[in-house]
Each structure stands twice: as structure tokens, then as C-alpha cells.
Amino acid sequence: MRIRTAKQRAQRIDLYYFTRAYGLRRWRRGLSIALPVAVILWIGGVAAAGNRKPYSAGPVSRAHAFAEPRCEMCHRTVAAPQPGQPVPARADSANRLFRQHTTDGACLTCHEAPAHAANQTTPPTCATCHRDHQGRVELSKTDDRFCVACHGELHTTHGEPRVAKAIDAFPSRHPEFAAVRPGAADPGRIKFNHAVHLKDGLRGPSGPETLMCATCHRPEIVRTVTHPKRLPATALMAPVSYRQQCARCHPLFFDERIAEQAPHDVPEKVRPFVRQALAAYIQRNPTALAAADDVRRRVPLNFPRPVEPPARTPQEWVTRRVAFDERILWNKTCAECHERASTADAGLPIYEKSNITRQWMPRAAFDHAPHSMVTCESCHAARGSAKTSDVLLPKQAVCATCHAPSKGAESRCFECHRYHDWTQARPVAAAYTLREFK
Amino acid sequence: MRIDASHRPWAIASGVLLGAAVAVYVPYALRPVPPSGGSVLGLVYGGVGFACMVVVTLLSVRKKFPVWRIGRTQTWMRAHLWLGALSLPLIVLHAGSLFGHGLTSWLMWLFVIVWASGLGGAWLQHVVPRRMLRDVPMETIYEQIGHVRAQLVDEADIVVADAAGRLDVATAASAGSVGASALATVMRPVDPAADETGAFREFYVTEMRPFLQNPSRVHVLADAAEASARFAKLRRLVPSALEPALADLESLCEEERQLLLQLRMHRVLHGWLLVHVPLSFALMTLAMVHIVMALRF
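Chains as they are written, first to last, in this note's numbering: chain F, 24 to 461; chain U, 5 to 301.
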């Protein structure tokens with residue numbers, strides 16, 4: 024057994040061991056100084072190089088990528104223009120304080136952003152909905168929750184809301200389209216029967232023919248509150264025009280003697296045309312004065328007419344013919360499509376305005392082009408429509424066939440709706456030169 | 005520091021604070037506007053989290069200047085443990101459960117490493133000392149191990165010299181042998197057949213002394229069972245008069261093995277601090293940079 028004396032035990036202790044840093048402690052002390060110093064040197068180097076990328080909250084959107092190295096383009100305090108005042112050109116920060124957060128004024132230096140609604144309670148800031156530094160995304164594709172923040176429980180500063188008060192996701196908590204709600208009717212006053220016009224073998228000017236949807240319905244560019252500055256060329260269908268779509272099969276001949284058609288216009292303009300045409304005819308053909316009426320008429324006759332003696336003068340002849348032709352025009356030709364409202368003092372009919380709706384959903388944006396792979400009748404039940412009052416727009420459920428969270432097509436609010444009222448857009452003064460981006 | 009019943013108030017307070025933070029966070033996260041560090045609540049979470057980080061960092065200052073006596077060291081240690089554990093969830097809530105990009109991302113990962121190393125260190129503090137107490141009864145002061153080892157070599161030389169006679173060798177002082185006997189010698193192996201102590205001395209010169217001078221885990225004497233077998237075999241070869249010396253040498257071997265084990269355990273017990281402490285200082289430096297830049301932009 025090893026025996027140690029007290030002296031041996033005492034000699035075992037190195038009395039000055041604590042004055043030296045051993046192994047782990049020395050390394051720990053050294054690293055604890057070296058690492059923060061390295062961090063400070065790195066920060067200094069980054070600052071000296073003018074590189075602010077380490078401090079970026081993330082890549083900016085695709086549209087802003089050109090300005091990514093220049094943080095100050097957005098991160099500066101600029102007052103937003105007052106309502107009604109012109110959008111100012113770039114305004115440098117009046118007071119460069121410590122905080123350089125983005126402000127609406129900085130956004131409005133380059134972008135126009137018309138207000139949403141006059142009675143909106145608290146307009147959000149630009150950055151509330153358009154959150155940058157989320158990667159190369161499109162900032163205009165905002166999340167639904169920003170819309171639902173107000174429209175989930177809608178309040179206004181004055182007046183009642185013009186839209187449903189509780190709107191959430193589409194289609195689960197979205198009201199039915201206003202145009203197709205129960206009781207909704209087409210306000211148009213043109214008598215039209217889709218079912219007849221879509222039959223096979225219609226009598227056309229060149230023989231039997233079958234009409235297609237595209238025969239009458241063509242796309243048109245429409246500038247409305249819901250459309251952004253750049254408009255698709257196939258956004259909506261243009262209203263049907265008599266001259267382009269109807270005249271081919273529904274000519275406005277009024278007298279078998281006159282080759283011209285009556286103008287498609289109000290009766291106040293049709294009457295003088297008819298009179299002048301007949302007067303010109305009798306002047307060229309004075310022998311027609313003595314000619315008897317011909318029962319074969321170019322325009323079908325649905326009421327009996329007594330035989331009249333020949334006119335004695337050209338004026339009498341014209342007057343008789345005008346009266347007769349007008350009877351056909353007002354009661355048959357024009358009445359084929361137009362609803363008669365009343366009769367004017369001069370005996371001319373007053374027809375109701377056609378009142379064809381140019382855009383059925385003014386608060387939504389729609390483009391037919393991306394839907395061109397789907398047949399018209401998949402969405403518009405025209406073949407079974409016999410009345411003008413039928414609204415042939417699709418219901419929400421039809422759109423939700425594809426535009427639903429589980430179906431794949433975009434169903435977020437921005438797909439159909441726009442926050443900014445682009446009809447109130449004003450031009451933005453150019454604020455930068457190309458040299459500043461080099 | 006072991007986490008025992010005395011930590012209960014701290015554990016309860018930390019739990020309550022964390023629960024309150026999460027309870028406030030849930031409706032905040034469900035708002036239309038997603039949570040962010042720059043929002044009012046985000047700034048509150050960040051401020052409280054950073055305050056916790058500052059307090060836990062001040063432990064190193066408190067330990068550096070013990071004479072200041074600003075609170076008990078135990079209290080500081082408890083604060084370090086519990087506020088440190090609380091800081092990460094608060095910072096995660098501050099960040100909106102996101103790791104961000106660039107500097108904020110590096111900060112979060114650094115924080116996770118520091119926090120995890122702290123957790124690991126706390127666990128080691130519970131496990132290793134108990135094992136050391138059980139497996140290293142001959143424990144000495146860690147910084148003294150080199151010094152003690154040198155003394156073991158000298159002590160073994162004396163035992164062998166007393167038992168087998170002085171060996172004819174040259175002199176070389178061994179480093180670190182402060183206060184040791186002046187019998188540090190370089191020994192030559194001798195012919196085992198020359199006398200009855202030959203095997204004894206040969207064993208010492210060729211196996212045991214190298215082990216005492218440069219202990220290694222791969223040496224045969226580093227394994228208790230192997231060493232015991234060697235000594236048992238040697239007992240059969242040497243005369244009974246050398247039994248006491250052999251026993252002393254075996255005891256010295258055991259002490260050397262325990263010093264080896266203590267060294268290893270100490271490195272495990274304190275090695276994690278090489279990660280935890282330097283990275284925490286780097287973390288605090290970067291955190292302050294982040295605070296300035298985030299508030300500015």
C-alpha cells in the first residue's frame with residue numbers, strides 16, 4: 024500500500040496553477056474574443072463595400088428586382104400626396120431620421136394607386152397588402168386575408184355598403200353573383216330568342232345555315248373600374264350590333280320599289296328617309312302614279328288593305344306610300360326586336376331604349392381568352408333560353424368547377440377583383456433617370 | 005449546477021411567462037396581417053427575448069468579478085438556465101416562427117446552436133459529475149493533472165529503485181516535476197536472466213514507465229482488466245519480496261487510469277463551452293447589429 028507523508032501530499036499541489044490558462048480555458052477565452060472581433064470585422068467590411076444584402080429581409084419581387092441593390096428607393100420617409108393633389112415627382116426625405124421604413128409616399132413615387140372606395144373605413148398602407156421581400160413573386164397577387172380583413176365584416180364611414188357585408192373565401196363564403204341571383208333579369212329591351220337562333224338550318228340570306236355563338240358575340244376591350252391599366256384584348260364580349268350581327272338576316276327593307284334599306288335609327292330619322300326615297304322614286308318613275316298596287320310585296324302583309332284609286336299627284340302618292348310603309352316598319356319590322364313604349368304627338372312610335380348591358384359584373388374582371396378551351400355553352404345556357412329576360416351568365420358554382428382551392432385554378436380574390444379604382448388613375452411624374460440604375 | 009427543487013419557482017415563472025406569450029401569440033398569428041418582427045407585438049417579444057439574452061450573458065461578467073457580489077452566483081446561474089431556456093421561444097415568436105433571410109437567418113441558426121449547446125451542457129452537468137464521483141475516486145484538480153502525473157512517475161521510480169536497486173542510467177529531469185524527488189532517470193532495459201528482479205525491472209522500463217510518462221487510452225495498462233492480468237502474470241515471475249513494490253506500482257497504474265478518465269470526463273463536461281460561450285458572444289454582437297438595422301429599415 025502506498026503511504027504518503029504529509030510533506031509528499033503538500034508537494035503534490037502546484038500552488039500557482041491558477042495563474043496559467045490551461046487547455047480548454049485558454050481556447051475558450053481566445054475564441055470568445057476572436058469570434059466577436061471577426062463578426063465586427065465582417066460587419067465593417069460589408070459596410071465599407073456598401074453591400075446591404077445581409078440585412079435584406081429577403082429577395083424582392085420580380086418587378087422590383089432591378090432596384091434590389093438600392094434599398095433607399097423604397098426605404099425612405101416620403102409623405103404621401105393629399106387626395107386631389109397631383110402625384111409628386113420623387114421627393115427626397117425631408118428629414119432623414121434614423122427610421123427608414125417604407126412609406127406610401129415612396130411607393131407612390133413610381134406607382135399610381137387610386138383609392139378603393141370613398142366610404143372605406145381605414146385604408147391599409149401599401150405595404151400591408153403588397154408585402155415585398157417574399158421572393159420573386161408578383162406583388163399584385165395579394166393574399167385573401169387582406170381583403171377579408173374588411174370584407175369579412177364590412178363597415179363603412181357613411182352609407183350602406185354596396186356589396187355583401189360578409190365575404191370570405193371563394194366559393195365557400197362568397198355571395199352568388201348579383202347578375203344571376205333569384206329574381207335577377209336581363210334589363211335589355213331587345214326581343215331576342217336564343218333557342219330559335221341556335222337551331223340548325225335557319226333561313227339565312229344564302230340558304231339554310233346554323234349560327235354559332237361566335238357568329239354574333241365578339242370580344243371587345245372595355246375600360247371599367249375593375250380593369251387595370253393593361254387590358255386584355257379578349258376581356259369581355261362586345262354588345263351585339265345590329266349592323267354587324269343582325270342586318271345580314273334581318274334587313275330593313277320597307278318598300279318593294281325601293282332597293283335601299285331604312286336606316287337603323289329612331290323613327291324621327293327613318294320617316295324623312297322613307298319620304299325622300301319614295302319622292303326620288305316617283306320623280307324617276309312618274310308612270311308609277313297610275314300603276315295599281317301590287318299584292319306581291321317584298322315585305323309580308325299581315326292585315327287586309329282595301330284597294331285604293333291611283334294617286335293624282337306625286338305628293339299624294341308619296342304620302343300614301345309613306346303611311347303604308349311606316350305601318351309596316353313600326354308594327355312589323357321594328358317591332359320584331361324593339362319594344363314600343365308609346366306614341367309621340369306626330370304619330371311616331373317611341374321605342375324603349377335597347378338597354379343592352381355592356382358589362383354584367385362591373386366589380387369583377389374577366390377575360391375570355393384563358394377560357395377559350397371551354398365551349399360557350401359550358402358556362403352560358405343559351406340554347407334553352409327563349410326570353411330576353413333570361414340572364415345567361417354562369418352561376419358561381421360553374422366558375423367554382425375550376426376556380427376553387429381544391430381544383431387548381433386560381434381562386435383568390437385578385438383573380439377577379441381589383442382593389443384600386445383604375446378609372447380614377449392619374450399619371451405619375453417620372454422620378455428617375457436610367458443613369459441612376461446603372 | 006443541478007436542477008433540483010430549488011429551481012421550482014424559476015420553472016413555474018418561466019412556464020407561466022411562456023404560456024402567456026403563446027396565448028397572446030395565437031390570436032396575433034391568426035390576424036389577416038401575418039406576424040412580423042416589426043409589428044408592435046413582435047417588437048415586444050423581441051425586446052423581452054433580448055433582455056433575457058442580456059441577463060444570461062451577464063453571468064460571465066458576474067463570474068469574472070466575484071467580489072462585486074451583485075446577487076448570489078447561484079441565483080445568477082438559475083437565471084442563466086431558465087431565462088436562457090425561455091429566450092429561444094420568445095425570439096421564435098418575435099420572428100413569427102420564421103427564420104428570415106440573410107442576417108436574421110444566420111442569427112436564428114446561431115441562436116439555435118447556442119441554445120441547444122446550453123441544453124446539452126445542462127444535461128452533461130447532471131450526468132458527468134455523478135459518474136466522475138463514482139468512477140474517479142482519486143480525482144484531482146484538473147489543472148494539476150500534469151503536475152500530478154509527473155509526481156506519479158517520480159514515485160514509481162522510487163518504488164522500483166527501492167525494490168530492485170538503482171539502475172545504471174543517465175539523468176534527465178522530467179518536465180513539470182515540481183517538488184518531486186530528484187530521481188528522474190533514463191533507464192536501460194536489462195537482461196531479464198541476469199537476476200531475479202529482471203522481469204520486474206523490464207516490465208517497469210518497457211511498459212509501465214512509458215504509460216506513466218505518456219498515458220494513452222490505447223495502452224494495454226489503460227485497461228483495468230488487462231493491467232490486472234499483467235500484474236498477476238508478473239507476480240508469478242518475481243520473488244515474493246517484490247510483492248509490496250508490485251502492489252504500489254499497480255496502485256500507481258490505477259491512479260494514472262483514473263487521471264486519464266478524469267481528463268476525458270472533464271473535456272466532455274467543459275468542452276461544450278468551447279461552442280456555447282464564443283458563439284454566444286458572437287450571437288450578442290450580431291443581435292445588436294440586427295436590432296439597429298431592423299429598427300432603421
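Derived by calculation from the structure, the hints in this document are not laboratory data.
Source: prediction; values computed, not measured.
Glycine included, C-beta positions come from ideal geometry on N, C-alpha and C.
Some hints could be false.
[As the list claims (entries may be wrong)] Each pair of labels, with its calculated beta carbon distance range:
hint	chain 1	residue 1	chain 2	residue 2	range
1	U	295	F	448	58 to 64 Å
2	F	28	U	244	24 to 30 Å
3	F	121	U	73	34 to 40 Å
4	U	137	F	28	24 to 30 Å
> Hint numbers the structure violates, sorted upward?
Replying inline: Result: hint 1 breaks, nothing else.
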